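Student: Next come the chains, spelled out residue by residue.
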Amino acid sequence: MTEDVIRLLTPEGEFRAHPDYPIEVSPDLLRQLYRDIILTRRTDIESTALQRTGELGLWCPVLGQEGVQIGAAHAMRPSDYGFTTYRELGIFHVRGVDPVELLHLYRGTSHASWDPRRVGLGIFTIVIGSHALHSVGYAMGIQRDGADEAVLSCFGDGATSTGDVHEAMVFAAAFNAPVVFLVQNNQWAISVPVTRQTRAPLATRAAGYGIPSVRIDGNDVLAALGVTRVLLDRAREGGGPAFIEAVTYRRGPHTTSDDPTRYRDEAELDHWASLDPLDRLRRHMERVGALDPAFVAEVDAEADALGERLREAIRGMADPDPLGMFDHVYAEPHRQVTADRAAMADYLATVEGS
Amino acid sequence: MTSMTPTTSMTMVQALNAGLRRAMEGDPKVLLMGEDIGPLGGVFRVTDGLQKDFGEDRVIDSPLAESGIVGTAVGLAMRGYRPVLEIQFDGFVYPAFDQIVTMVAKHHYRSGGITPMPMVIRIPYGGGIGAVEHHSESPEAYFAHTPGLRVLTPADAAEAYVTIQQAIASDDPVIYFEPKRRYWDRAEVDEVSPISGNPWSSRVLRRGSDVTLVAYGPMVRTCLEAADAAAEDGVECSVIDLRSLSPLDLDPVVADVQGTGRCIVVHEAPVMLGMGAEVAAEVTRRCFFHLEAPVERVGGAYIPYPPNRFEQHYLPDVDRVLDAIDRVTAV
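Residue numbers (my numbering), protein chains in the order written: chain A, 18 to 371; chain B, 22 to 352.
Hints in this document: simulated from the structure, not taken from any laboratory.
Bear in mind that the values here come from a model prediction, so they are computed numbers and not experimental data.
Quick reminder that beta carbons are idealized off the backbone N, C-alpha and C, glycines included.
Hints are not guaranteed to be accurate.
Claimed, not checked - Counterexamples of contact, computed for chain B against chain A with all Cβ distances above 12 Å: (1) Pro27; (2) Glu87; (3) His129; (4) Thr136; (5) Pro139; (6) Glu154; (7) Arg224; (8) Gly280; (9) His311; (10) Asp338; (11) Arg348.
What the hints assert, rightly or not - Pair by pair, the computed Cβ-Cβ distance ranges are: (12) B/Pro84 <-> A/Asp344: 46 to 56 Å; (13) B/Arg228 <-> A/Arg135: 46 to 56 Å; (14) A/Thr70 <-> B/Pro84: 24 to 34 Å; (15) B/Val225 <-> A/Leu340: 43 to 53 Å; (16) B/Pro84 <-> A/Pro229: 16 to 26 Å; (17) B/Ala298 <-> A/Thr126: 45 to 55 Å; (18) A/Ala359 <-> B/Ile135: 46 to 56 Å.
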């Protein structure tokens, strides 16, 4: 990892304050972040297992990226709004998405997972980069409402090559929209390394739009929290858009259908495993005496209960009513959908009656 | 429209402008966004004067990026706004095609009915004005083929005034195709009466016993003129304006063809897999035992829109409609 990144927590777990990104590190905050990483990691592991046993069609592991996600999500106020990719389990967890809701999508019973009004997160799109524009539009709405809110817009290194991300930066700059772009540069877009997306550090692109940018250690949960909070505050106060490149690593496959052994070295994986965000936090908590055995056991028990709840909920999930696929195509009645639904109902009635 | 209701003679451009103004006055969440729609008033002047009266926050001159226009409008709609977008010309909508098809059309469905996408995307379309390439296309079938979108196209100024407001009032996304060659045609517009009527339905404009002419947008006037000409030869035509291409209301067409036994569908877009294919298939299925002749389609050839010195040959006109009438009545 390059050394030009903002880092508040060294890999050895030593806290180093940064004058531009003040953060009060209380034992309660550390325990909250620890708990969030443990629970996120448990959902991640359980979901892969549920895919491997045929209960889910697909899963997108998040291992390695929990630090930046959980830190950034904690920087948001409840009234702020977020737009994310699919590999954003840490953010979903912190914002209060029930993982059972989330897994409906991978179970194939629903395209969407949660109520965006409740958690302040748009449902994610699988098309890369599209939601960067939605983020800016939402932020333009905040401006017009005169609301004290801001948007966190998350995407990956691959997305930075898309036209929509470019257009999002153009619109955000033109309208001074209250949006913070958070790029998780996890080094790989499926099998293609970040060097195929860019010759310069991604953070340097922002300057071309007149948008300030920061490069952070994406495996440092405190840096993610501190930097994102400062930039969201700035956006809320009318300072306009900002851009964060979080340098991190996707240690798992792109999805459960991927085989990373075809394109990357074991040594690279080992290097990034040594920079694990949970290990780093744990080392710091041990240094400051914030990680007592009773707390660790309590969180482990909570994770076990979460795993059991997930397994039961997913294995017991019934297939949807076939006519449910006609629901919500339109907000108002549409004669073609009505006719197609009636035809399907008639057909099903003949099949069941035969 | 009764003789008691005062009306104003307007071009379609003026009618759209008046309709947009009335929608903006009625709902503070309605805002306009597009290229050159501010001080310039749009390249066709449809938004003339609106930024001056409603301000830059509600009439937004956007950067020159169609995907950006539609993509940011998705976010505005999620926030509770009702964006009305102007795509400058038909051939410039394709950079926004992904946002329209993948995001706008599917969002209400994907969100399980939680997040509607009340958005209108206005697109001047069609040929006949001697334009350079990318300025004369008829891409309506792409959008009508996409579940989740509604597609409307007015045939005259009076229709435009009413249906642009109905499109804006809809909680569903509406692709609103404006027949640019009819922009300067005048009609009497009723600005007083409450907006009423179902825009998602076909309109029977003329009744005749011999042939049913089906059209929409720019070809409605062409078919009315062809019907006048045919009548001089003793062939009486019905003319039906589909008006809404999604949903498609074929009940009036079917009812009429069951009387005439002959049907001709007319549009500027290529005949191959155009709107006429759906009309012909459904009319054939539902009127099979009433038909006296195969359903005919009159439209563009399967070529890109040609340079404008060819367009008098490419575009359907009164003579080509009359030629099709000859074919179906000769059977």
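Student: Could you run down the list of hints and mark each one as holding or not?
Tutor: Cross-check of the supplied hints:
no.	hint	result
1	Pro27	32 Å, holds
2	Glu87	9 Å, violated
3	His129	6 Å, violated
4	Thr136	6 Å, violated
5	Pro139	8 Å, violated
6	Glu154	22 Å, holds
7	Arg224	16 Å, holds
8	Gly280	22 Å, holds
9	His311	21 Å, holds
10	Asp338	31 Å, holds
11	Arg348	30 Å, holds
12	B/Pro84 <-> A/Asp344: 46 to 56 Å	37 Å, violated
13	B/Arg228 <-> A/Arg135: 46 to 56 Å	54 Å, holds
14	A/Thr70 <-> B/Pro84: 24 to 34 Å	49 Å, violated
15	B/Val225 <-> A/Leu340: 43 to 53 Å	34 Å, violated
16	B/Pro84 <-> A/Pro229: 16 to 26 Å	20 Å, holds
17	B/Ala298 <-> A/Thr126: 45 to 55 Å	35 Å, violated
18	A/Ala359 <-> B/Ile135: 46 to 56 Å	25 Å, violated
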